[in-house]
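Top to bottom, those sequences are chains G and Z.
Quick note, the first sequence lines up with residues 29 to 292 if you use the numbering used here.
Quick note, the second sequence lines up with residues 29 to 292 if you use the numbering used here.
Because the hints were derived from the structure by calculation, they are not lab data.
The structure displayed is predicted, hence computed values, not measured ones.
There could be a bad hint or two in this list.
It does not matter which identical chain is used: a pair holds within one copy or between any two.
Calculated cross-link-like contacts (lysine to aspartate or glutamate; reagent style EDC-like; alpha-carbon spacing at most 16 Å) [unchecked claim]:
(1) 200 to 245
(2) 118 to 174
(3) 181 to 225
(4) 220 to 112
(5) 218 to 240
(6) 220 to 248
(7) 118 to 221
(8) 218 to 268
(9) 218 to 112
(10) 181 to 56
(11) 181 to 240
(12) 218 to 245
(13) 220 to 240
(14) 220 to 93
(15) 31 to 245
(16) 118 to 66
(17) 31 to 174
2 protein chains.
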Amino acid sequence: MSKPLILICNDDGITAPGIRALIQAVRDLGDCVVVAPDRPQSGMGHAITIGHPLRVQAQHGLFGDLPAYQTSGTPVDCVKLAVDQILHRKPDLLLSGINHGSNASINVIYSGTMSAAVEGGIEGIPSVGFSLCDYALEADFGLSADVARTVAKAVLERGLMPGTLLNVNIPKIDPSQFRGLRVSRQAAAKWKENFEERHDPHGKAYYWMTGEFELLEQAEDTDEWALRNGYASVVPVQFDLTAHRALLSLQGWGMQDWNIENGI
Amino acid sequence: MSKPLILICNDDGITAPGIRALIQAVRDLGDCVVVAPDRPQSGMGHAITIGHPLRVQAQHGLFGDLPAYQTSGTPVDCVKLAVDQILHRKPDLLLSGINHGSNASINVIYSGTMSAAVEGGIEGIPSVGFSLCDYALEADFGLSADVARTVAKAVLERGLMPGTLLNVNIPKIDPSQFRGLRVSRQAAAKWKENFEERHDPHGKAYYWMTGEFELLEQAEDTDEWALRNGYASVVPVQFDLTAHRALLSLQGWGMQDWNIENGI
C-alpha cells in the first residue's frame with residue numbers, strides 16, 4: 029500500500045517554529061510535502077493573488093529530506109500552487125499550522141492558517157488547521173504536536189464529511205493540566221477595534237490596528253469554553269456560507285414580486 | 029426623525045465605476061459616507077492588515093458633497109477604520125460594491141466586496157454586498173443600481189436576522205430580460221486552477237493564476253441557477269462557519285477518550 033501524500037502549509041511562513049513542530053509530529057505518517065509562504069501572512073484570510081504573478085522557490089534543505097517550497101503568495105495561493113503546479117495531484121491530507129496564536133471563534137475568518145485548510149476543503153482534500161493559543165515565537169509546541177499527530181492519524185483513517193474540514197485549537201497550558209479533545213462549535217465573538225494614531229516624521233497620521241477580543245457567549249458547547257477549561261477544541265468548519273435559517277424569513281419578504289424600477 | 033447613516037465601501041477601489049453607481053443609487057436614502065481602498069483589492073478575502081500601519085486620506089471632492097475617505101487597507105480594514113476611527117459609531121446600513129464581477133457561489137469566500145459586508149455583519153450592522161456578473165470596467169451598472177436601491181430600502185425598513193447579511197448578484201443581462209429577485213442558497217462550485225508559467229528577463233519562472241469555474245450542481249434553489257435564468261440572486265450569508273451537520277458524526281469518533289500521548 030502506498031503511503032498517503034500529505035501537504036503541509038501555514039500562514040506564519042516557512043521558517044516559523046510552528047510548521048517545524050507540525051512536520052516533526054507527522055512526517056512518518058506519509059509522504060510529506062511542504063508548501064508555505066516565504067514570509068509571515070497572518071490575518072490574510074482567504075486572500076488570493078490576482079493582480080501579481082507568483083514565485084515558487086524550492087527549499088529542500090530546510091526539513092531534512094522532505095521536499096519543501098516557499099512561495100510569494102498567500103496561504104490560499106500556496107494550496108492552489110501545491111495542487112496544480114507542484115504535486116500535480118490532490119494530496120490525501122492537508123495540514124495547516126501549527127499557528128502561533130488562537131484561531132478559535134471568530135478568528136477562523138481572519139486566519140490565513142484556516143483559510144489554507146478551507147481551500148483544501150474546497151478542493152476536496154481532508155484538511156485540518158492547528159493553532160496554539162500562544163502568540164510567542166518561542167511558544168512550546170509539544171502538546172500541540174501530540175494533538176496534531178493524533179488528529180492527523182484519525183482523519184487519514186476515517187476521512188471527513190464532504191464539504192467540511194477541522195479547526196483544531198490547543199490551549200496554552202501545562203500538559204499535565206490537559207483534559208483532552210472536545211468537539212465544539214464556533215463561539216459567537218467579535219474584535220472591538222481600537223486604532224492607535226501616530227504621526228510619521230513628516231507629521232502625517234498613520235494608524236495601527238489593535239483590538240480587544242469580545243466573547244459574546246459562555247455556552248459549554250463552544251470552542252472558547254473548551255479552551256478556557258483545559259481542552260483542545262475541534263470545530264468542524266464549512267464553506268457553504270448560506271444562512272439556511274434565514275432563507276424562509278427572507279422568502280417572506282416577497283422579493284419575487286418587487287417592481288425593481290420603482291423600488292418598494 | 030434623523031436620516032440613517034449609510035457606510036459605503038467596495039474592493040475595486042474608491043475610483044471604480046461600480047462604487048460610483050452604488051452611491052448614485054442610494055445617496056438620498058440617508059447620510060452616506062464612503063470609505064474604500066485606495067487601489068483595487070479584488071480577491072483579498074477577509075484579509076486584515078496586522079504587520080503594517082494604515083493610512084486614511086479624505087477625498088471629499090470625489091462624490092459631490094459626500095464625505096469620502098480612501099485607505100491603504102483591505103476592504104475589511106476599511107470597515108474597521110470607518111466604525112472606529114471615522115464615524116465613531118455603528119452605521120445603520122453597510123453597502124459594499126457594486127463589484128465588477130460575480131461573487132455568487134464559492135466566489136463569496138474570495139471576495140473583498142463580500143468580506144467587507146461580512147465584517148459589517150460581525151459588527152452588528154445590517155450589511156449587503158452587490159456584484160454585477162460583468163468584469164468589464166465599462167460594464168453597465170444601470171440594472172444593478174436599481175436592484176441595489178430596492179434592496180437597500182428594504183433592509184433599512186426591515187433589518188436583517190442577527191448574524192446574517194446579504195450577498196446580492198445581478199446577472200449581465202438586458203434589463204428587458206430581467207425576471208426579478210430570487211432568494212437562493214450558495215451553489216456548490218470550485219475553481220479549477222491552471223497556473224500559467226512564464227519566465228522573466230533573467231530566466232526565472234513566475235506564475236499567473238488562471239482558472240475555470242466548475243459548477244458542481246444544477247439545483248434551482250441556488251444562486252447560480254438564478255443568475256443563469258435571468259434573476260438577481262439574494263443569498264443570506266452567515267459567519268458562523270461551524271458545520272453543524274458534522275458535529276454529531278465527529279462526536280461519534282470518541283475523541284474525548286483518546287489518549288493523546290500515544291495517538292490512537
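Checked hints:
no., hint, result
1, 200 to 245, "neither (21 Å within a copy, 43 Å between copies)"
2, 118 to 174, "neither (26 Å within a copy, 43 Å between copies)"
3, 181 to 225, "neither (47 Å within a copy, 35 Å between copies)"
4, 220 to 112, "between (39 Å within a copy, 9 Å between copies)"
5, 218 to 240, "within (8 Å within a copy, 35 Å between copies)"
6, 220 to 248, "neither (23 Å within a copy, 40 Å between copies)"
7, 118 to 221, "between (39 Å within a copy, 12 Å between copies)"
8, 218 to 268, "between (21 Å within a copy, 11 Å between copies)"
9, 218 to 112, "between (35 Å within a copy, 14 Å between copies)"
10, 181 to 56, "within (11 Å within a copy, 58 Å between copies)"
11, 181 to 240, "neither (36 Å within a copy, 33 Å between copies)"
12, 218 to 245, "within (11 Å within a copy, 34 Å between copies)"
13, 220 to 240, "within (5 Å within a copy, 38 Å between copies)"
14, 220 to 93, "neither (45 Å within a copy, 30 Å between copies)"
15, 31 to 245, "neither (43 Å within a copy, 33 Å between copies)"
16, 118 to 66, "neither (22 Å within a copy, 38 Å between copies)"
17, 31 to 174, "neither (21 Å within a copy, 56 Å between copies)"
Checked against the numbered hints given earlier, the structure breaks hints 1, 2, 3, 6, 11, 14, 15, 16, 17 and satisfies all the rest.
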